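Keeping the supplied structure of chain A fixed, place chain B upon it in accordance with the hints.
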Amino acid sequence: KSISPTAVTPLDRRRGQLAALSIAAVVIIVGVPLWWRTTETYRAWLPVSQIKDLAKLQLHLSADVEVVFARVDGDLLVQFIILRLQNMKPARYETKYRTATIMEEDALKKPTAAEADLSLHMLSESPCGSLVVYVIPESSSLLPEDVNVYIGQRRTALVRISAQMRVGKTLEQLLAQLEPRIKQVLQVMSFSHTDITVALSDRVRFRPGNKESIADSMRAFKSSPGYEITFSLLNPDPKSHQLHWDIEGAVQTYIQPLLTKLSPLANFSIDSQTLYYTMLGVTPRFDSSLEAYTLNADSLAHVINPVEARLGSNAASSNPVLNFLLYVPDIRHSPLYIHDHRKQEVPSNAFHSPRWGGIMVYNVNGFYGSETEFPVHVNINMAKVMGVFLAQLRLLLGVQSLSPPPGFLVAPCGSTGLADWELDRLMWSRSVENIATATTTITSLAQLLDQIGNIVINDNIAQQVSSAVTSLQLAMAELEVGNLGFALQYSKEAILASEKAFFDPSLLHLLYFPDDQKFAIYIPLFLPMCVPILLSMLKIVSEVRQRRREKQAKKE
Amino acid sequence: HHQCVNGWMTGCVKRFGVLKRYTNTGHLPFKNSAGQFFSSGHTNNWAVLVCTSRFWFNYRHVANTLSVYRSVKRLGIPDSHIVLMLADDMACNHRNPKPATVFSHKNMELNVYGDDVEVDYRGYEVTVENFLRVLTGRLPPSTPRSKRLLSDDRSNILIYLTGHGGNGFLKFQDSEEISNVELADAFEQMWQKRRYNELLFIIDTCQGASMYERFYSPNIMALASSQVGEDSLSHQPDLAIGVHLMDRYTFYMLEFLEDIHPASKTNMNDLFKVCPKSQCVSTPGHRTDLFLRDPGSVLITDFFGSVRKVELTMDAINLTDPIKQMEENPVNGEEQKEVYSYADQLPVSEIIHQKPKQKDWHPPDGFILGLWTLILLVFFKTYGIKHLKHIF
Numbered sequence: 001k002s003i004s005p006t007a008v009t010p011l012d013r014r015r016g017q018l019a020a021l022s023i024a025a026v027v028i029i030v031g032v033p034l035w036w037r038t039t040e041t042y043r044a045w046l047p048v049s050q051i052k053d054l055a056k057l058q059l060h061l062s063a064d065v066e067v068v069f070a071r072v073d074g075d076l077l078v079q080f081i082i083l084r085l086q087n088m089k090p091a092r093y094e095t096k097y098r099t100a101t102i103m104e105e106d107a108l109k110k111p112t113a114a115e116a117d118l119s120l121h122m123l124s125e126s127p128c129g130s131l132v133v134y135v136i137p138e139s140s141s142l143l144p145e146d147v148n149v150y151i152g153q154r155r156t157a158l159v160r161i162s163a164q165m166r167v168g169k170t171l172e173q174l175l176a177q178l179e180p181r182i183k184q185v186l187q188v189m190s191f192s193h194t195d196i197t198v199a200l201s202d203r204v205r206f207r208p209g210n211k212e213s214i215a216d217s218m219r220a221f222k223s224s225p226g227y228e229i230t231f232s233l234l235n236p237d238p239k240s241h242q243l244h245w246d247i248e249g250a251v252q253t254y255i256q257p258l259l260t261k262l263s264p265l266a267n268f269s270i271d272s273q274t275l276y277y278t279m280l281g282v283t284p285r286f287d288s289s290l291e292a293y294t295l296n297a298d299s300l301a302h303v304i305n306p307v308e309a310r311l312g313s314n315a316a317s318s319n320p321v322l323n324f325l326l327y328v329p330d331i332r333h334s335p336l337y338i339h340d341h342r343k344q345e346v347p348s349n350a351f352h353s354p355r356w357g358g359i360m361v362y363n364v365n366g367f368y369g370s371e372t373e374f375p376v377h378v379n380i381n382m383a384k385v386m387g388v389f390l391a392q393l394r395l396l397l398g399v400q401s402l403s404p405p406p407g408f409l410v411a412p413c414g415s416t417g418l419a420d421w422e423l424d425r426l427m428w429s430r431s432v433e434n435i436a437t438a439t440t441t442i443t444s445l446a447q448l449l450d451q452i453g454n455i456v457i458n459d460n461i462a463q464q465v466s467s468a469v470t471s472l473q474l475a476m477a478e479l480e481v482g483n484l485g486f487a488l489q490y491s492k493e494a495i496l497a498s499e500k501a502f503f504d505p506s507l508l509h510l511l512y513f514p515d516d517q518k519f520a521i522y523i524p525l526f527l528p529m530c531v532p533i534l535l536s537m538l539k540i541v542s543e544v545r546q547r548r549r550e551k552q553a554k555k556e
Numbered sequence: 001h002h003q004c005v006n007g008w009m010t011g012c013v014k015r016f017g018v019l020k021r022y023t024n025t026g027h028l029p030f031k032n033s034a035g036q037f038f039s040s041g042h043t044n045n046w047a048v049l050v051c052t053s054r055f056w057f058n059y060r061h062v063a064n065t066l067s068v069y070r071s072v073k074r075l076g077i078p079d080s081h082i083v084l085m086l087a088d089d090m091a092c093n094h095r096n097p098k099p100a101t102v103f104s105h106k107n108m109e110l111n112v113y114g115d116d117v118e119v120d121y122r123g124y125e126v127t128v129e130n131f132l133r134v135l136t137g138r139l140p141p142s143t144p145r146s147k148r149l150l151s152d153d154r155s156n157i158l159i160y161l162t163g164h165g166g167n168g169f170l171k172f173q174d175s176e177e178i179s180n181v182e183l184a185d186a187f188e189q190m191w192q193k194r195r196y197n198e199l200l201f202i203i204d205t206c207q208g209a210s211m212y213e214r215f216y217s218p219n220i221m222a223l224a225s226s227q228v229g230e231d232s233l234s235h236q237p238d239l240a241i242g243v244h245l246m247d248r249y250t251f252y253m254l255e256f257l258e259d260i261h262p263a264s265k266t267n268m269n270d271l272f273k274v275c276p277k278s279q280c281v282s283t284p285g286h287r288t289d290l291f292l293r294d295p296g297s298v299l300i301t302d303f304f305g306s307v308r309k310v311e312l313t314m315d316a317i318n319l320t321d322p323i324k325q326m327e328e329n330p331v332n333g334e335e336q337k338e339v340y341s342y343a344d345q346l347p348v349s350e351i352i353h354q355k356p357k358q359k360d361w362h363p364p365d366g367f368i369l370g371l372w373t374l375i376l377l378v379f380f381k382t383y384g385i386k387h388l389k390h391i392f
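From first to last, the protein sequence lines are chains A and B.
According to my numbering, the residues represented by the first sequence are 1 to 556, in order.
According to my numbering, the residues represented by the second sequence are 1 to 392, in order.
It cannot be assumed that every hint is accurate.
Said to hold, decoys possible - Here are the simulated PhoX-like pairs of lysine-lysine, each with C-alpha atoms no more than 25 Å apart in a straight line:
| id | chain 1 | residue 1 | chain 2 | residue 2 |
| --- | --- | --- | --- | --- |
| 1 | A | 539 | A | 554 |
| 2 | A | 518 | B | 147 |
| 3 | B | 147 | A | 261 |
| 4 | A | 500 | A | 52 |
| 5 | B | 324 | A | 222 |
| 6 | B | 324 | A | 384 |
| 7 | A | 539 | A | 551 |
| 8 | A | 500 | A | 56 |
Stated by the list, open to error - Residues on chain B that point at chain A, a partial pick, calculated with CB under 10 Å:
| id | residue |
| --- | --- |
| 9 | 76 |
| 10 | 132 |
| 11 | 188 |
| 12 | 296 |
| 13 | 309 |
| 14 | 322 |
| 15 | 324 |
Read the hints as simulated data drawn from the structure, not as lab findings.
All values reported here derive from a predicted model rather than from experimental measurement.
We treat Cβ as the ideally placed atom computed from N, Cα and C, and that holds for glycine.
Okay, chain A solo, but in the shape it has when bound:
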């Protein structure tokens, strides 16, 4: 028999089948894993379970409070009270009770409360976040008549028991009087529920329970690692007024102490500028009864925008900018007063805008008569100006001006402009805010990376996330113990790391590939290769089946 040249010999067929099978094997065993490995995105490991734990945000805050009883006649009674207090409520307050030492007694015998405060401070410095409350007898002359509580500049308060610790009153009544008083002091000097709720307002958009706290949260700047402060002098009329302000000295003397005290919270950078021929955008009205020009409160809102367009800024970072403007009215609109809604003059002649800064109007018409030669050289009284700016700065940074309960006397803040306990309050709310923000950032980042499977997670992002998680855990632990300074520091580190991780520029790639696009990319690559393999597989299978059928037929 002759074999036609195109007939397929069994050997050839065998060779063909082996070739097809081996190609299929290579494709499946080598090709598919290789394709999988080369197209998978690099995703570094993230501590997802720890992040989930953090998201529950169980915050425990504690502050050390020491209540010191000044000795009175009737020592035994005081000891008795202390024992009863310590046994009564099981550790609801982290409070310690003790009697005063001899040196403290001497300090409490000073003539005025301010001096007593100073000498008590000399004796012992309370650490950040703690409080000492001195209970003094009614017979003491430290406090004026109608005042029962004096809140000092540092971390002490003086509470007067307005009852005889002797005959007539029972122990229960005395204690009943003491407890709420101390609680009131704590509400003012240490953190309160409202503070914490406001600090957490990022995560909990609470329905208004307290309008004042909402306004406070809208007014103050959010926690940020740094702030830029700019002082500007606006002189719309240089032909008449030649203004001179010693801004460097004023900043050094008045503003810098406050900023140094606030340095655990944030870094501050200050600059100043002078702008000429810049008018306010609103024309003031002339009030003939006062012989002066007035700006009423409603028109103030439109003052800021035209001015803001002219303000330069030296800011090279993304930190929030606080602007403080000193406006000296031109000679045709002098003097200029700001009136409130009841047409009363505002004593400071200044206003501020939440999260922006403040503007003060400084009248110079009193410095010269009508016969002087223009331009008049004017030295601006920086103490007065900085007093107003300092008050505005306090408000904008979040130091709330509470009205104390009746019977309380709050010492005016010292030359730094901030009392120690106010700084503590600020630190509490900042720590909580930082922790809440960092937790939200990390949680949403983890969620985002989980949802979108195509995003590349680089090693540096994973490292930032891990360090943020560690800092958060440390910060919460320190808050629980009461180490406010360390807690704030860790919370700052946590925020920095979490922001760096969330805003890393590399997290934008591969955001979304719709399915039809994926098919459109892979089909032209793989289909031409797969079709011959599939067809040859089918052919092999059909041949095998045919052979088996032949075998079956042969058997029969």
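For chain B alone, kept in the frame of chain A given last:
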């Protein structure tokens, strides 16, 4: 003083209601402007205005964006709070009969380009990637402040997009697209990081309503110039310039905005009525289901303008220390002032004496490879492979 506070993830909003609140005894010192404070909850305004087309025949998109830019500036938002992205190839285009101008009205009434326009992203910088980076804040650290959207949780942001679009996508500069899913995800990331208080999204493209279909973050209100399946049409051609100057929806919206001044009390319901089908030919649409407040209580100036909230300063601190004199330190004498000078503009000596640069070797590209493959194929076809051993 021991406090235990739980976060919202465990559903604790109700728990806050149960816990004791500190109520302020004594009179509230908080005076005036309480109503103003709580009506909107924002303290600053931002605007992101994007024109996604380039080339001369898309003149109207640039005119759209610039007109909105002018209105927003007139109503008070400063340049530092506006991120303007334009291809910016109209004013100095060779085909522009009036160079350095972009007009938005027939008969060249209004030059919206002016001389104080600040374009933050121009030319080829207007890409989907840059737009999403601006929105989410994921910019490289070297980006200057003017190119960033530095909004916080109390910012109201106006986002205006215009260009050519389709069902579910918007075309950027004829080379790439942004899909509605990407945009919705970007807004969600903004919400997660609390980068806005309220967002107003306006889009003037064909089938614009498809772009806001997928939004799912709260506090977003959206307006579009046309529904899915409809085209947005342009308003009027100018015979002198030779192109259409504006789109209809934006034209009528701007006519509406001309009547708004910083103190006006017009609300959003009026903006929804702008450009009905008789004027616009397409049906404008809007979406307010994600917005918490009632649109009737939302002022136009909440988004288009920048009305600042103001409080009077009631206290002042009494400062009594005299100013410390800055001491002149005579020991140091004059400070060592660094002398600056310009860098050499044309370093001639370096150019003359420089050696030719070592060029990196690159593998031959596709064309060369193809050409040589063809040559080899033809060679072996003609001569056969068995002659190979004669060659090598």
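Assess, step by step, whether the Cα of residue 518(A) is no farther than 25 Å from the Cα of residue 147(B), and give holds or violated.
-> Violated. Residue 518(A) to residue 147(B) sits at ~33 Å, over the 25 Å cutoff.
Hey, does the residue 322(B) contact hint survive, CB to chain A under 10 Å?
-> 8 Å, holds
Take the C-alpha atoms of residue 539(A) and residue 554(A), compute the straight-line distance between them, and say whether it is at most 25 Å.
-> 22 Å, holds
Going straight from one Cα to the other, do residue 539(A) and residue 551(A) come out at no more than 25 Å?
-> Roughly 18 Å between the alpha carbons, so the hint for residue 539(A) and residue 551(A) holds.
For the pair we were handed, residue 500(A) and residue 52(A), check the Cα-Cα distance against 25 Å.
-> 20 Å, holds
When the least beta-carbon distance from residue 132(B) to chain A is tested against 10 Å, hint result = 6 Å, holds
Taking 10 Å as the limit, does the beta-carbon of residue 76(B) come near enough to a beta-carbon in chain A?
-> 4 Å, holds
Against chain A, with CB atoms and a cut of 10 Å, does the hint on residue 188(B) hold up?
-> 9 Å, holds
Interface hint outcome for residue 324(B) [beta carbon to chain A under 10 Å] = 5 Å, holds
Below or equal to 25 Å on CA atoms is what counts here, so check residue 324(B) against residue 222(A).
-> 32 Å, violated
Satisfaction of hint between residue 261(A) and residue 147(B), Cα-Cα up to 25 Å | Answer violated: residue 147(B) to residue 261(A) is near 34 Å, above 25 Å.
Starting from residue 500(A), check that the Cα of residue 56(A) is at most 25 Å away, please.
-> 22 Å, holds
In the structure shown, a violation is registered for the earlier hints numbered 2, 3, 5, 12, in ascending order.
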